[in-house]
Amino acid sequence: MATTEHPPPSRLRAWMLEGLSDMAKSQDQGQGQDQGQPAEQKASKLEHEGQPWYRVMCLTGVDYFSTLGYQPGIAALAAGLLSPIATIVLVIVTLAGALPVYRRVAEESPHGQGSIAMLERLLTFWKGKLFVLTLLGFAATDFLITITLSAADASTHLVENPHLNSALHDKQMLITLILVALLGAVFLKGFLEAIGVAVALVGIYLALNVVVVIVGLWHVITAGHVVTDWSSALTAEHGNVFVMIGVALVVFPKLALGLSGFETGVAVMPHVKGDPGETEENPAGRIRDTKKLLTTAALIMSCFLIATSFITTLLIPEKEFESGGQANGRALAFLSHEYLGGAFGTVYDVSTIAILWFAGASAMAGLLNLMPRYLPRYGMAPHWARAVRPMVIVFTLIAFLVTWIFDADVDAQGGAYATGVLVLISSAAIAVTIAARKAGQRGWTIGFAVISAVFLYTTVVNVIERPDGVKIGACFIAGIILVSLLSRLARAFELRVTSVSLDPMAERFIRDMASRKIRFIANEPDNRDKAEYRDKIEQIREDNDIPGQEDFVFVEVTVTDPSEFEAGLTVRGEVLHNRYRILTLESSSIPNALAALLLHVRDTTKCTPHIYFEWTEGSPFANFLRFFLFGQGEVAPVTREVLREAEPDRSRRPRVHTG
Numbered sequence: 012m013a014t015t016e017h018p019p020p021s022r023l024r025a026w027m028l029e030g031l032s033d034m035a036k037s038q039d040q041g042q043g044q045d046q047g048q049p050a051e052q053k054a055s056k057l058e059h060e061g062q063p064w065y066r067v068m069c070l071t072g073v074d075y076f077s078t079l080g081y082q083p084g085i086a087a088l089a090a091g092l093l094s095p096i097a098t099i100v101l102v103i104v105t106l107a108g109a110l111p112v113y114r115r116v117a118e119e120s121p122h123g124q125g126s127i128a129m130l131e132r133l134l135t136f137w138k139g140k141l142f143v144l145t146l147l148g149f150a151a152t153d154f155l156i157t158i159t160l161s162a163a164d165a166s167t168h169l170v171e172n173p174h175l176n177s178a179l180h181d182k183q184m185l186i187t188l189i190l191v192a193l194l195g196a197v198f199l200k201g202f203l204e205a206i207g208v209a210v211a212l213v214g215i216y217l218a219l220n221v222v223v224v225i226v227g228l229w230h231v232i233t234a235g236h237v238v239t240d241w242s243s244a245l246t247a248e249h250g251n252v253f254v255m256i257g258v259a260l261v262v263f264p265k266l267a268l269g270l271s272g273f274e275t276g277v278a279v280m281p282h283v284k285g286d287p288g289e290t291e292e293n294p295a296g297r298i299r300d301t302k303k304l305l306t307t308a309a310l311i312m313s314c315f316l317i318a319t320s321f322i323t324t325l326l327i328p329e330k331e332f333e334s335g336g337q338a339n340g341r342a343l344a345f346l347s348h349e350y351l352g353g354a355f356g357t358v359y360d361v362s363t364i365a366i367l368w369f370a371g372a373s374a375m376a377g378l379l380n381l382m383p384r385y386l387p388r389y390g391m392a393p394h395w396a397r398a399v400r401p402m403v404i405v406f407t408l409i410a411f412l413v414t415w416i417f418d419a420d421v422d423a424q425g426g427a428y429a430t431g432v433l434v435l436i437s438s439a440a441i442a443v444t445i446a447a448r449k450a451g452q453r454g455w456t457i458g459f460a461v462i463s464a465v466f467l468y469t470t471v472v473n474v475i476e477r478p479d480g481v482k483i484g485a486c487f488i489a490g491i492i493l494v495s496l497l498s499r500l501a502r503a504f505e506l507r508v509t510s511v512s513l514d515p516m517a518e519r520f521i522r523d524m525a526s527r528k529i530r531f532i533a534n535e536p537d538n539r540d541k542a543e544y545r546d547k548i549e550q551i552r553e554d555n556d557i558p559g560q561e562d563f564v565f566v567e568v569t570v571t572d573p574s575e576f577e578a579g580l581t582v583r584g585e586v587l588h589n590r591y592r593i594l595t596l597e598s599s600s601i602p603n604a605l606a607a608l609l610l611h612v613r614d615t616t617k618c619t620p621h622i623y624f625e626w627t628e629g630s631p632f633a634n635f636l637r638f639f640l641f642g643q644g645e646v647a648p649v650t651r652e653v654l655r656e657a658e659p660d661r662s663r664r665p666r667v668h669t670g
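Start counting the sequence shown at 12; every next residue gets the next number (my numbering).
Derived by calculation from the structure, the hints in this document are not laboratory data.
Distance condition first, Cα-Cα at most 20 Å in a straight line; then the derived EDC-like pairs of lysine to aspartate or glutamate: (1) K547 to E535; (2) K617 to D660; (3) K541 to E625.
Whole structure, please, built from the sequences with the hints as guidance.
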């Protein structure tokens, strides 16, 4: 493709655009940097850069396991005395529902694309793009609320520490904003390797939780009346076990935060080390070990969820869970101070604050993986959206806004968080149901369909009970769609053909024309009979006063998917009616394809090509909309504008003639 000289960027600009998101660079394996490398190089690179699955589990675990910081308190507020039973329902849904779904997602999208990529393949044209943008809105809700909610809960643990409460009791908003800013600063500095930090944080945090759980269970066992008091109160409140299970099922949607780690678990797949000799095209070892990662994380979390909900419900007075109570958003920290003393409690607080803050890092990594994978490829984000640092600044500013809107309140953000989590899990369940059906797996299709129904029900109930979640999600969706369309509009005249390749016949046409003046005729194919091409040549000669001895090559572009933005261009040559030479192309946009061909011909032949058009009838505005949405319309002036933007030097620009 043609290149244009630009002045060297400033140091600040160069620093801001330095490097792209690691995951974004490999978003499409056919278009990534590994394209053209031997399989052996790809395999060794994959093996070298990857990490053992249990270490990568800690990276996703800073998000998943950190929910222990607030999940028991949220469960107690939602279910009251039924919290342990409702948590068991959550664990059953986790192990029998979410886990099988995401194991299948890992199998279907081993490069970290997740269920969004699976669903993207099912829909084409603009409806597919808008559907993906909608899912991206909910994903942004999930990940951004993870950042703000985790930071808010970390600040809660800091403010409610008995040694610091008097000094910090009214500083929670400021502390939360500082934690979000520090997270952004880490990524601006360069977030190259988080796994080592994640392993240390997760190991310490889980070890401390084991101590708290053992001590809590010991107090429950030794104080026998605690269990009898709880069971008596439970029976008095709900009557029998069937009513209890029914109520637990009803309140289950409020506990959906306990499912938050699965989407992140798939997003970090590219970090999982593959088998020796494994390639990106067939990462069997990565898929196998990611399944181990998901299963192990789910089992560990399930055990902790059941144990922590049990001890917090039995040992903490109900009023302490409510807003303003000492256990609000920090139930396990309350127990650590109550039963293990101030020193251990402070260590626990520090560990919880660290892992909650780093959970935001996991979510930020998810955003930097997801957004650059789709928006720039759709033409719905500027080029700098592929770079880490500008996107970090954007996400950090949005996190500031969300924190301010929710006043750094953990409970207030729970609805939005749960909505994002549930929508993504529901879309994943639907995606794997469709995948199983296409694979002819009847048993799996029925099983995944039932799981999909459960998650869809849970999502609907959550939206009805906590509509603020879907409102926040709708704001993200509206913002993404609006910004995306404006960006696409701003980039409408950009040369967006990534490469041009000609078949032998097309190359022969170009070589032959290079010895004379290169003249193309842009033709919209109709019957493709002899009369069509003869009349077209006569019209072009008459409109442009071209001598009869000059010859032409026709160029015909077929629009494929006009919603696509970037793609390679393949040019094929053919001779029709033993006389007329024709170059045929397939592209998402006629003007961009023609401009790319002209620039390629200029660069390969060192000659200036000419192309001839007819004026398009109709309203210019209507024709522009046809170009923007459907890749056709006012072809001649748009082709000229694409060439003008791609080649500022007028003397080197291919010539466009319209009659």
